[in-house]
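Chemist: One-letter residues, chain by chain:
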Amino acid sequence: MRLLNKDAVIIGGGPAGLAAAIQLKKNGIDNILIIEREKNLGGILRQCIHDGFGLTRFGKSLSGPEYAQIFIDEANDLGIEALTDTSVINITYGKVVTAVNRGGIFHVQSKAVVLAMGCRERTRGAINIPGARPAGIYNAGVAQSYINLHNTMVGREIVILGSGDIGMIMARRLTLEGAHVKAVFEAQAYPSGLPRNIEQCLNDYGIPLYLSHTVTKICGRRRVEGVVVSRVDSAFSPIDGTEKFFSCDTLILSVGLIPENELSLMAGVELDRRTRGAYVNDSFETGCSGIFAAGNVLHVHDLVDFVSIEAEELAASAAEYVSSDCLPKASIVVVPGRNVGYAVPQRVSGEKNFTLSFRVKQPIENCKVTVSQGGNVISEVKMRKAIPANMIQIKISADRLESGKEIEVTAV
Amino acid sequence: MCLRKVYDAIIIGGGVVGSSVARELARYHIKVCVLEKEADVCCGNSSRNTGVLHAGFLYKTGSLQAKFAVEGNAAFEQISKELDVPYKRTGKLTIGFTEGERERLLKLKSQGDRNGVPNLSIIGRDEIKQVDPNVEAEFALYSPTSGIMCPYMYTIALAENAKLNGVDYYFENEVCSVKKEKDGAFSVSTAKGRLYSRWIINSAGLGAPTVAAMLGSAGYAYKPVKGEYILLDKRAIEQIRVPVYPAPDEKGVTDLHATPTIDGNVLMGPTCNDVVQSCDLDTTADSLDYIVKKGASIFKGMKTEWIIRSFSGIMPRFVERGTSGYLDFLIEHHPDNPNVVNLLGMDSPALTGAYPIGKYVADIVAAQEKLAKNNSFDPCRKGIKKFSEQDVETRCEMIEQNPDYGEIVCRCEYVTKAEIVEALNNPLGVTSVNGIKYRTRATMGRCQGGYCETRIASIIQESKGLDRKDIRLDNSRSYMFTGEVRESCGCSTKTPSL
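Chains as they are written, first to last, in the working numbering: chain B, 1 to 412; chain V, 1 to 498.
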């Protein structure tokens, strides 16, 4: 069995992994390796053939593959080593990464490990939709893969549950390929995806979006024959008497994304219940020294541009770690306060500037975002509207921080 | 296709009982086939249960249920070796808190003692903690011979072994009618054709009363009872070591229980609700809510975030007309109808008892027909070697010999391409996505196929030369896809590799 030695191993060759690898290389860390389980680099972007990527970062609208290709080309130009068709099956606390491919099994002892595995979709089972278990129930991302990568049509009469971005994008995609998308149902009282997708993917095609509605039963013994939809109350409980049957042959689910942290847990990384990603500090270092995380494996982003930027910030710290073996100790805790669902990073050192990323819990108009420490307001931002679908980022400068005191962020 | 075949014995139903009868008959010189209405074996209640190897204390002394449970339990060690199927003798705790529950557990213990169940004991708090430190109870009936097994893997193994020993399988051949010919043989009609046989073994599960009526034994009926389950993520397994059942209530009904599965998940259920139709396999919001709430009182790992799947089974409860009391297994072999065996009421513990039940039926046929032993019968069958269960050295060797072992297709369960391909070449010829799932565990993990289903579809398409439209979840009506998005160039049926 082979044993390699690396300064940094990047697990996942999607947007986070690619950006991290490129930035590590630019910071002078040469002996690095990307491990990717798919045949090609690019991650989920490979199947996102719609446009809208890169507006923040490149100032223009690119398709997913175009956005990814910029990074893939740069990684190639920099001579970054990447193993594709290779699955990581273990990571230890001591940063030994075990991977498998058609050539065999190998271990990599690395100084730093970058977790960039992205996220996966929440499934029908996880949200416990009652009813039958026929063919024709697809997660939106799986349907997207079938249609865009496998030239395979999943159905003709479609109902979509969940107003996540991929669900809405698939509503448009399926419509363009001749399917009839009857409706999108969302259990929450507000959409979970971005406003631009509601406009461009639903409204432009006359696809209705029903808020406060959910699928309460799946019908059809062999193939989906329809779904029963009910209105729900504020506690998401279906309201008796509001059931309505929609015939369809396909149910698409877009009901949330979960950071994919199985490998992180193997290494002993502790996860935040709110993000379901690792607890990290302002160096994007997890609780395990030298193991870093960024992108959707850390917290689910709505725009890939911010994934790339976050991974680049990670790389600057990881490079410092590889060179000096130590990073500033992060002892200041960041807590999400009123109407804030989560905040990343969860701990900071107070020694360097950092970007605070968070989401509001409930949509709110004329919102005041306050970042404070021990009663002192560090930053205050007024927003016309804040919605859970939009991740909010605020730059915090280190010179305003005191040591030892908790930082709180609120959005009221 | 119009099927026309002649057999010595036709087994109707490819569940665990039918498959065991098939395997036992294969030990003799007799031409046997199995007619199954679904596209694979084990599609009914044989796969929709808790997967517990029962010790045998739950059944009335002197009953067939008691006899077959005790015999089946004792024989399972050997069966599991012959068929290369996993099982584990975990022991089981039936827990109680009140005096009433203690009395009922004592009754169960003495019933079990009378049935010949070995080493039953009533144990207290400290001993319970030794069996499973996670369990909170005042006392428990501890049955050390109880265990866990994989019900579908066991059924598939029985059927594959029967097939390899000469039994034919016909899938999607639901029996529409049976006619007795002048020569005394039966002609059995399915939608696909007609088969002739002198013997009929009715192991049609929930359909057994209907088939029995076709065979001249009318008047049997089941009261279908639906049991719903929730399957939990493998992370929950750290909080349970053995199946934990509550003591039965005054009416003798056992509420839902928590069971570690042989594959390392935790199963919560079943609920127990009367249903009108025996084909109603829908899960219901009420039952799922009940499992979540009630389950938390028996298993502290019952967290909603750990739910990965729910399913239901319909138990063929055999009830007496008038009293509605539950009846024992009924193995009907009547002199007036000497070449028919009806297996009725094959509810729990038919999974545990499948081996002795199969033997019992085969003995009837063999004695009456004076059958000679089939000396070429091979009781052994090899399962698919699991990459995930091997040590590193073995894994390396496997990849060296077959690089497909180096391709992880299902990332939750670490199922490799080599295993998927091997499963696709199964002796029964099943090519559905669910067929692959039951044989390899691919798609059974926490992402429920989010990662691997597209890959499995491609492997099925490539290795079987199918069109996308022909890929099935289970039977021929459960099509996965409606076709291609755009017409491909026609140069190859393969999807472009990605």
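Since the hints were derived computationally from the structure, they do not count as laboratory data.
Watch out, some of these pointers could steer you wrong.
[Claimed, not checked] So the derived label-pair ranges between C-beta atoms look like this:
hint: 1; chain 1: V; residue 1: Thr394; chain 2: B; residue 2: Val96; range: 18 to 24 angstroms
hint: 2; chain 1: V; residue 1: Asp280; chain 2: B; residue 2: Ser234; range: 30 to 36 angstroms
hint: 3; chain 1: V; residue 1: Lys129; chain 2: B; residue 2: Glu365; range: 53 to 59 angstroms
[Said to hold, decoys possible] Only pairs whose alpha carbons sit at most 25 angstroms apart, straight line, appear in this in silico SDA-like list of lysine to any residue:
hint: 4; chain 1: B; residue 1: Lys217; chain 2: V; residue 2: Asn402
hint: 5; chain 1: V; residue 1: Lys303; chain 2: V; residue 2: Glu136
hint: 6; chain 1: V; residue 1: Lys88; chain 2: V; residue 2: Asp363
hint: 7; chain 1: V; residue 1: Lys386; chain 2: B; residue 2: Thr84
hint: 8; chain 1: B; residue 1: Lys182; chain 2: V; residue 2: Thr482
hint: 9; chain 1: B; residue 1: Lys217; chain 2: V; residue 2: Asp282
hint: 10; chain 1: B; residue 1: Lys217; chain 2: V; residue 2: Lys464
hint: 11; chain 1: V; residue 1: Lys303; chain 2: B; residue 2: Pro238
hint: 12; chain 1: B; residue 1: Lys39; chain 2: V; residue 2: Asp168
hint: 13; chain 1: V; residue 1: Lys386; chain 2: B; residue 2: Thr98
hint: 14; chain 1: V; residue 1: Lys303; chain 2: B; residue 2: Gly104
hint: 15; chain 1: V; residue 1: Lys223; chain 2: B; residue 2: Ser61
hint: 16; chain 1: V; residue 1: Lys294; chain 2: B; residue 2: Lys361
hint: 17; chain 1: V; residue 1: Lys223; chain 2: B; residue 2: Glu270
hint: 18; chain 1: V; residue 1: Lys469; chain 2: B; residue 2: Lys111
hint: 19; chain 1: B; residue 1: Lys39; chain 2: V; residue 2: Pro403
hint: 20; chain 1: V; residue 1: Lys386; chain 2: B; residue 2: Glu262
hint: 21; chain 1: B; residue 1: Lys39; chain 2: V; residue 2: Thr304
hint: 22; chain 1: V; residue 1: Lys385; chain 2: B; residue 2: Thr98
hint: 23; chain 1: V; residue 1: Lys293; chain 2: B; residue 2: Thr216
hint: 24; chain 1: B; residue 1: Lys182; chain 2: V; residue 2: Asp282
hint: 25; chain 1: B; residue 1: Lys39; chain 2: V; residue 2: Ile459
hint: 26; chain 1: V; residue 1: Lys303; chain 2: B; residue 2: Tyr279
hint: 27; chain 1: V; residue 1: Lys31; chain 2: V; residue 2: Lys303
hint: 28; chain 1: B; residue 1: Lys217; chain 2: V; residue 2: Glu71
hint: 29; chain 1: V; residue 1: Lys386; chain 2: B; residue 2: Arg2
hint: 30; chain 1: B; residue 1: Lys352; chain 2: B; residue 2: Asp7
hint: 31; chain 1: V; residue 1: Lys373; chain 2: V; residue 2: Lys234
hint: 32; chain 1: V; residue 1: Lys234; chain 2: B; residue 2: Pro238
hint: 33; chain 1: V; residue 1: Lys223; chain 2: B; residue 2: Lys361
hint: 34; chain 1: V; residue 1: Lys180; chain 2: V; residue 2: Lys469
hint: 35; chain 1: V; residue 1: Lys293; chain 2: B; residue 2: Glu402
hint: 36; chain 1: V; residue 1: Lys234; chain 2: B; residue 2: Tyr279
hint: 37; chain 1: B; residue 1: Lys361; chain 2: V; residue 2: Val225
hint: 38; chain 1: V; residue 1: Lys385; chain 2: B; residue 2: Arg221
hint: 39; chain 1: V; residue 1: Lys464; chain 2: B; residue 2: Asn151
hint: 40; chain 1: B; residue 1: Lys361; chain 2: V; residue 2: Lys31
Even for Gly, the Cβ is constructed at its ideal location relative to N, Cα and C.
Chemist: Does each hint fit the structure? Answer for all of them.
Modeler: Going down the list of hints, with the structure as the test:
no.: 1; hint: V:Thr394 with B:Val96: 18 to 24 angstroms; in the structure: holds (20 angstroms)
no.: 2; hint: V:Asp280 with B:Ser234: 30 to 36 angstroms; in the structure: holds (32 angstroms)
no.: 3; hint: V:Lys129 with B:Glu365: 53 to 59 angstroms; in the structure: holds (56 angstroms)
no.: 4; hint: B:Lys217 with V:Asn402; in the structure: violated (44 angstroms)
no.: 5; hint: V:Lys303 with V:Glu136; in the structure: holds (18 angstroms)
no.: 6; hint: V:Lys88 with V:Asp363; in the structure: violated (29 angstroms)
no.: 7; hint: V:Lys386 with B:Thr84; in the structure: holds (23 angstroms)
no.: 8; hint: B:Lys182 with V:Thr482; in the structure: holds (17 angstroms)
no.: 9; hint: B:Lys217 with V:Asp282; in the structure: holds (8 angstroms)
no.: 10; hint: B:Lys217 with V:Lys464; in the structure: violated (34 angstroms)
no.: 11; hint: V:Lys303 with B:Pro238; in the structure: holds (21 angstroms)
no.: 12; hint: B:Lys39 with V:Asp168; in the structure: violated (41 angstroms)
no.: 13; hint: V:Lys386 with B:Thr98; in the structure: holds (18 angstroms)
no.: 14; hint: V:Lys303 with B:Gly104; in the structure: violated (38 angstroms)
no.: 15; hint: V:Lys223 with B:Ser61; in the structure: violated (62 angstroms)
no.: 16; hint: V:Lys294 with B:Lys361; in the structure: violated (30 angstroms)
no.: 17; hint: V:Lys223 with B:Glu270; in the structure: violated (50 angstroms)
no.: 18; hint: V:Lys469 with B:Lys111; in the structure: violated (49 angstroms)
no.: 19; hint: B:Lys39 with V:Pro403; in the structure: holds (15 angstroms)
no.: 20; hint: V:Lys386 with B:Glu262; in the structure: holds (20 angstroms)
no.: 21; hint: B:Lys39 with V:Thr304; in the structure: violated (35 angstroms)
no.: 22; hint: V:Lys385 with B:Thr98; in the structure: holds (21 angstroms)
no.: 23; hint: V:Lys293 with B:Thr216; in the structure: holds (19 angstroms)
no.: 24; hint: B:Lys182 with V:Asp282; in the structure: holds (24 angstroms)
no.: 25; hint: B:Lys39 with V:Ile459; in the structure: holds (15 angstroms)
no.: 26; hint: V:Lys303 with B:Tyr279; in the structure: holds (22 angstroms)
no.: 27; hint: V:Lys31 with V:Lys303; in the structure: violated (51 angstroms)
no.: 28; hint: B:Lys217 with V:Glu71; in the structure: violated (42 angstroms)
no.: 29; hint: V:Lys386 with B:Arg2; in the structure: holds (23 angstroms)
no.: 30; hint: B:Lys352 with B:Asp7; in the structure: holds (24 angstroms)
no.: 31; hint: V:Lys373 with V:Lys234; in the structure: violated (45 angstroms)
no.: 32; hint: V:Lys234 with B:Pro238; in the structure: violated (30 angstroms)
no.: 33; hint: V:Lys223 with B:Lys361; in the structure: violated (49 angstroms)
no.: 34; hint: V:Lys180 with V:Lys469; in the structure: violated (40 angstroms)
no.: 35; hint: V:Lys293 with B:Glu402; in the structure: violated (46 angstroms)
no.: 36; hint: V:Lys234 with B:Tyr279; in the structure: holds (23 angstroms)
no.: 37; hint: B:Lys361 with V:Val225; in the structure: violated (43 angstroms)
no.: 38; hint: V:Lys385 with B:Arg221; in the structure: violated (32 angstroms)
no.: 39; hint: V:Lys464 with B:Asn151; in the structure: holds (18 angstroms)
no.: 40; hint: B:Lys361 with V:Lys31; in the structure: violated (68 angstroms)
Checked against the numbered hints above, the structure breaks hints 4, 6, 10, 12, 14, 15, 16, 17, 18, 21, 27, 28, 31, 32, 33, 34, 35, 37, 38 and 40 and satisfies the rest.
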